[in-house]
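Colleague: Those protein sequences? They're chains A and B, same order as listed. Residue numbers for the first sequence follow the working numbering, so the first one is 1165 and each next one is one higher. Residue numbers for the second sequence follow the working numbering, so the first one is 1165 and each next one is one higher.
I should point out that these hints are in silico values taken from the structure, not numbers from a laboratory. Certain hints may be false.
Same chains, same label: a pair holds when it works inside one copy or across any pair of copies.
List of simulated lysine to aspartate or glutamate pairs, EDC-like, C-alpha gap at most 16 Å [claimed, not checked]:
1. Lys1364 <-> Glu1447
2. Lys1278 <-> Asp1544
3. Lys1207 <-> Glu1223
4. Lys1584 <-> Glu1447
5. Lys1584 <-> Asp1217
6. Lys1364 <-> Glu1229
Number of protein chains: 2
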Amino acid sequence: MQVIKYPAREFWSTLLSRPAIDRKSLFEKVGSIVSEVKQNGDKAVKKYTLQFDKVSIEELEVSQEEIEEASLQIPNQLKEAIEMCRRNIWKFHSAQQHDLPEIQTTPGVVCWQKAMPIEKVGLYVPGGTAPLFSTVLMLGVPAQIAECKEIVLCTPPDKEGKIHPAVLYAAKVAGIHRIFKIGGIQAIAAMAYGTETVPKVYKIFGPGNQYVTAAKQLIALDGIAIDLPAGPSEVMVIADESARPCFLAADLLSQAEHSVDTQSILITVSENLVEPVLLEIEEQLNRIPKKEIALKALENGKIIVLQSLEEAVAMANEYAPEHLIISTRYSLGVASNISNAGSVFLGHYTPESAGDYASGTNHTLPTNGYAKAYSGVNLDSFMRKVTFQQISREGLSNLSNAIILMAENEGLYAHSNAVKVRLDKEESEEKPENRLC
Amino acid sequence: MQVIKYPAREFWSTLLSRPAIDRKSLFEKVGSIVSEVKQNGDKAVKKYTLQFDKVSIEELEVSQEEIEEASLQIPNQLKEAIEMCRRNIWKFHSAQQHDLPEIQTTPGVVCWQKAMPIEKVGLYVPGGTAPLFSTVLMLGVPAQIAECKEIVLCTPPDKEGKIHPAVLYAAKVAGIHRIFKIGGIQAIAAMAYGTETVPKVYKIFGPGNQYVTAAKQLIALDGIAIDLPAGPSEVMVIADESARPCFLAADLLSQAEHSVDTQSILITVSENLVEPVLLEIEEQLNRIPKKEIALKALENGKIIVLQSLEEAVAMANEYAPEHLIISTRYSLGVASNISNAGSVFLGHYTPESAGDYASGTNHTLPTNGYAKAYSGVNLDSFMRKVTFQQISREGLSNLSNAIILMAENEGLYAHSNAVKVRLDKEESEEKPENRLC
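Chain A extracted, bound-state conformation (with noise of 0.2 Å):
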């Protein structure tokens, strides 16, 4: 880890600064691909299966059996745990419903909001080296609760052109309707334009590595909805005297372990943690089978000294972290300035761990800064806002001089006209073909 103490100001976006990726060159490549799937379907899709997970695939679809079959390989114990973490995320997301308004703007003129689920929505959750259950959770359940009525899901096969038996059970548990074996770019564009085994999505879900994030991106320009761009996963710690040097190690080694561009930062308060903290890092590495990865991750490591907590908030909400750690005595005050994160955990036994998994809280989350604009998962995600309105006769008129005086300002006059042809003639029942109109 590079410690860095009392940066003066104007320093701070370089020291903040994320890798760049050169987007061009990758957008070609994977769009090259996702117009070959949105061309040729299954069979794209299986030709990149084999290129790719290195697995020559027949059936895509997961079948009925198979997820059977997966839930009697799941002991007992994991089966209570994916239980407990679905029902604390269950909990969480359902209060998220709320009443949208039904208001009389005017009388007369009444106007409401309807929540509606996404009818089609795909999920998808990467493979590699770890299967990703947790995910199948955070984003299934939230669209259960949505009631999107199409609920598909893409993870990529292993060697054996399996799935990870946990990776079905939750799904199952969270309600999904179709799994299909498919991963990557070739995923992301069969739930955006179909194939003939997979269906066709509204808006696509998940995480995934720079080549996923890129097709997201790609399909969107079709229209296609997407959740969020996703980067590499990043945790901020802020910390003052009152923390404890094993447990910020323990907070920064479990993003390290991710993947080597993962970014852990811990600003403190408190030069005297400094030392601890390296030392229990070293320490602490040894405990881990990913040691390795956290070890190149936390090359782009960094132990930045403030001189205070405002400072230390100020450089947060520049730096816009997926995750926000606020391990300092009165966390709850130092987070009510945080204007900037994705998630924000607060107080010394607050791991990130706990809302990757069992909290409750989403953890698709904006990462690279996006969370100055994007809010991660969450029951809206799947959901849109539709609006309505009924206007009565009387409401029209007094609607009608404001209308007509702006349409008419605007040059549109078949819009003043529409209220115009309302209001001139009386209101009447009789069928159009007994009367002049």
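Given chain A's structure and the hints, the job is docking chain B onto it.
Modeller: Coordinates of chain B only, in the frame set by chain A:
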């Protein structure tokens, strides 16, 4: 208008298909301008303002004097109209604020959401044939309610390098902080990346032609958020025998006058309406200055006769119109079955133009079928929801089994370690330098 009677279900999708635009060549054209603005800032902005708007602008930012001057030029009647619309937009959008959940998902585990304004937002208002000061209100008022810290507006200058006074006045009453005389692609790029004079924003809102939309989609690839991809405006009207031909004709025309590529579709379950509506359109066309535009637009217009309101609703849900007008006797019942639409207008006295200006609902809505996945602009569009969690030592131990099991089954041992280190040790208030951690 094309009249289609009782089309078989399998022909619906062709019947409802929207004109496709060649996005690839569009993105190439637009992309080069975007990157030039990104690189050369104001210099490029001024170059393209001269090229596209045919005017050379020295001062890109509108001065306080120009704003004050503008409000002197607005007749009081129009000011009152603008104020009524502003008030109704404010009423409906401020009612969209709601409490967010604070949930104890497990004893000792408290999770909550906090809504925060997006700090810097950019609003785009097209120029062209009409000064769309109504759009200034539709975007500015919700941003004001959300309390965005920096609200920037870009709108193209006229040949004299001026902005229409009604636009400046609306911007003033909507509490917009800075206004720039920049239009089109160069405006989107300027707000996305910032220039010497235009601040960089985190999210960009507003309608525009296909070039503006393409620019918004391209800057979104760089992680700047956008409200939604906009296409040509659309209206679909569902009518039964209780509808009045002159009202229907007026609504179809008020859409058609926007531009030649807008779509006006009437679905009627009463064949008797067809002839009277066609006659009314001919008659009313003579009342509107934009007759030529409307005529051209109506070439894509359709009158579709269906057997039942159930069919009509099914067709509307498949098309997912930006605006849906339900001109039937029991409009509320029909509306209750609508699942895909941007904004819905119920009954014979609820013309689209009411929602375009004065009722209080937003007129920035998903076109091109995007209503299947996107909401129209609303208060949430200007906010992010950040999750927070605070866990006690007991809370963490209540979650510990689940976290440890799931993390280790995902191969993430540093994640479980972050829980273990916390529970292995006794709580301690000692300073780190005096303790072994």
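Colleague: Please go over all the hints and tell whether each is borne out by the structure.
Modeller: Against the structure, the hints:
Within a single copy, Lys1364 and Glu1447 get their C-alpha atoms no closer than 49 Å, and across copies no closer than 44 Å, so neither meets the 16 Å cut-off. Taking the shortest Cα distances, Lys1278 and Asp1544 sit within 16 Å of each other both inside one copy (12 Å) and across copies (14 Å). For the identical chains of this complex, Lys1207 and Glu1223 are intra-copy neighbours only, at 12 Å inside a copy versus 56 Å across copies, given an alpha-carbon limit of 16 Å. Taking identical chains as interchangeable, the C-alpha atoms of Lys1584 and Glu1447 lie at most 16 Å apart only when they sit on different chains, with a minimum of 14 Å there against 79 Å within one chain.
Taking the closest pair of Cα atoms, Lys1584 and Asp1217 never come within 16 Å of each other, the shortest separation being 64 Å inside a single copy and 35 Å across copies. For the identical chains of this complex, Lys1364 and Glu1229 are neighbours neither inside a copy (24 Å) nor across copies (53 Å), given an alpha-carbon limit of 16 Å.
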